[in-house]
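Asker: Protein sequences appear in the order of chains A and B. Anchor point for the first sequence: position 170 equals 170 in this note's numbering, and the numbering is continuous, going up by one each time. Residues are numbered in this note's numbering as their position in the second sequence, beginning at 1, plus a constant of 231.
These are computed hints drawn from the structure, not numbers from a lab. We put the beta carbon where it would ideally sit given N, CA and C, even for glycine. Hints should not be assumed to be uniformly reliable.
[To be verified] Some residues of chain B that are not near chain A, with every Cβ distance over 10 Å (derived):
| no. | residue |
| --- | --- |
| 1 | Gly244 |
| 2 | His267 |
| 3 | Asp280 |
| 4 | Thr363 |
[As the list claims (entries may be wrong)] With a cut-off of at most 30 Å between alpha-carbon atoms, the simulated DSS-like pairs for lysine-lysine come out as follows:
| no. | chain 1 | residue 1 | chain 2 | residue 2 |
| --- | --- | --- | --- | --- |
| 5 | A | Lys115 | A | Lys95 |
| 6 | B | Lys386 | B | Lys402 |
| 7 | A | Lys23 | B | Lys254 |
| 8 | A | Lys23 | B | Lys346 |
| 9 | B | Lys402 | A | Lys3 |
| 10 | A | Lys3 | B | Lys328 |
| 11 | B | Lys326 | A | Lys3 |
| 12 | A | Lys155 | A | Lys97 |
| 13 | B | Lys326 | A | Lys97 |
| 14 | A | Lys70 | B | Lys402 |
| 15 | A | Lys97 | B | Lys301 |
| 16 | A | Lys95 | B | Lys402 |
| 17 | B | Lys386 | A | Lys70 |
| 18 | B | Lys349 | B | Lys328 |
Number of protein chains: 2
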Amino acid sequence: MAKNVIGILGGMGPAATADMFQKFIRLTPADCDQAHIPLLISSIPDIPDRTRCILANGEDPAIVMENYVKGLENAGATCIIIACNTAHYWFDHLKQKSRVEMLSMIDSTIDEVVKRGKQRVGLLATDATLATGLYQKRIEAQGLTFIRPTELGQKEVMESIYLLKSGETDKATELMIKQRDELIQLGAEVIILGCTEVPIILAREIEQESERYVDSTLTLVRSAIDWYQTH
Amino acid sequence: MAKNVIGILGGMGPAATADMFQKFIRLTPADCDQAHIPLLISSIPDIPDRTRCILANGEDPAIVMENYVKGLENAGATCIIIACNTAHYWFDHLKQKSRVEMLSMIDSTIDEVVKRGKQRVGLLATDATLATGLYQKRIEAQGLTFIRPTELGQKEVMESIYLLKSGETDKATELMIKQRDELIQLGAEVIILGCTEVPIILAREIEQESERYVDSTLTLVRSAIDWYQTH
């Protein structure tokens, strides 16, 4: 029976959770089932919308997330990660409530940004991730320049994210490419995909030019595999 | 908090579990995160090899599977499905041990085969699924003709399945197409993809000609969505 199991608090949304699952499989060198990383995945999507809570006084997702973290612990998870950037607004709270180790997607992403050695860092993320400064503060603390979409551009980023959540991938991609291009025009040398839907929306673009992006999902998967292999 | 949650006993292998997860997302008409089916996924792959236990006196996977079913129940699953055909050899045993509802992939697949109204039914599955007669008995009980690969052909089916499990998708596909063609030559009018790796191995072929196949993963996902929507 597996001694260590990575728990994924997901469902925000399910497609982003499935993308994280696929990345665990792809990044694990395995020649048989048994060599893969043990995962427990909670994709229970009735967690209230994170952006609506932070920006529009919507229902608080914290209690529901706490409950699903507890579910993962009860099922045997020994280290928990969250498949949603915006939800990291509650990371310290959840970590305090949890009985097991938790790894942060913001930490793993910032570590990767620093490694890339570029000065000007763009961000594609939800309105709430921007408003709470989850990434901005950490980027500026590193002495790097933070670049965000224009106000109008950010509206399209958000529209693109909700389009993906409703299954309209092609329309989502069209809008997001436009905003990616605007960030580059504003001088971004590297772009954080700081919402777990964005690596799905820009999947083909990342494949063509992966050095331009820091995929928050991928950095957290790498960090969780590292944790598993050293524990 | 979700009242009903579908639990997936997976990890046999992880790629098949991820395929099942994707099929849940694709088959659920949802315009936002919250409209998706609540899922808890156990992809802890250290479950001893099912075929090796049944045919080569290998380690018994039953106790480990029981434990992971319990884990899913402890996390809140109210209905459990298994993302592996061969593991259904232990279905009745696990169902007896479980506190919650369980739905069988063999049942959902046979129901779909009957619906298709074809007489001659081929099977692509593991050696152990063949040896235990999981499908054969049920197909013949319906008065249908059961068609299996030749002995040599079945060796290639098995090789293809293990190739996928080790990440060698292209080689796996090449071998499986050959055996699919042989089943058709033997008269199969419809082919059960009776191992959860096979729909991944033949993904492109299914897309081109879906009416030729009964995908066991897909039938179980449909049956679980039905269960969720009526409970």
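Asker: Does each hint fit the structure? Answer for all of them.
Answerer: Against the structure, the hints:
{"no.": "1", "hint": "Gly244", "in the structure": "violated (4 Å)"}
{"no.": "2", "hint": "His267", "in the structure": "violated (4 Å)"}
{"no.": "3", "hint": "Asp280", "in the structure": "violated (7 Å)"}
{"no.": "4", "hint": "Thr363", "in the structure": "holds (19 Å)"}
{"no.": "5", "hint": "A:Lys115 <-> A:Lys95", "in the structure": "holds (26 Å)"}
{"no.": "6", "hint": "B:Lys386 <-> B:Lys402", "in the structure": "holds (14 Å)"}
{"no.": "7", "hint": "A:Lys23 <-> B:Lys254", "in the structure": "holds (17 Å)"}
{"no.": "8", "hint": "A:Lys23 <-> B:Lys346", "in the structure": "violated (37 Å)"}
{"no.": "9", "hint": "B:Lys402 <-> A:Lys3", "in the structure": "violated (33 Å)"}
{"no.": "10", "hint": "A:Lys3 <-> B:Lys328", "in the structure": "holds (23 Å)"}
{"no.": "11", "hint": "B:Lys326 <-> A:Lys3", "in the structure": "holds (25 Å)"}
{"no.": "12", "hint": "A:Lys155 <-> A:Lys97", "in the structure": "violated (34 Å)"}
{"no.": "13", "hint": "B:Lys326 <-> A:Lys97", "in the structure": "violated (34 Å)"}
{"no.": "14", "hint": "A:Lys70 <-> B:Lys402", "in the structure": "violated (42 Å)"}
{"no.": "15", "hint": "A:Lys97 <-> B:Lys301", "in the structure": "holds (23 Å)"}
{"no.": "16", "hint": "A:Lys95 <-> B:Lys402", "in the structure": "violated (44 Å)"}
{"no.": "17", "hint": "B:Lys386 <-> A:Lys70", "in the structure": "violated (45 Å)"}
{"no.": "18", "hint": "B:Lys349 <-> B:Lys328", "in the structure": "violated (36 Å)"}
Hints 1, 2, 3, 8, 9, 12, 13, 14, 16, 17 and 18, counting from the list given before, are not met by this structure.
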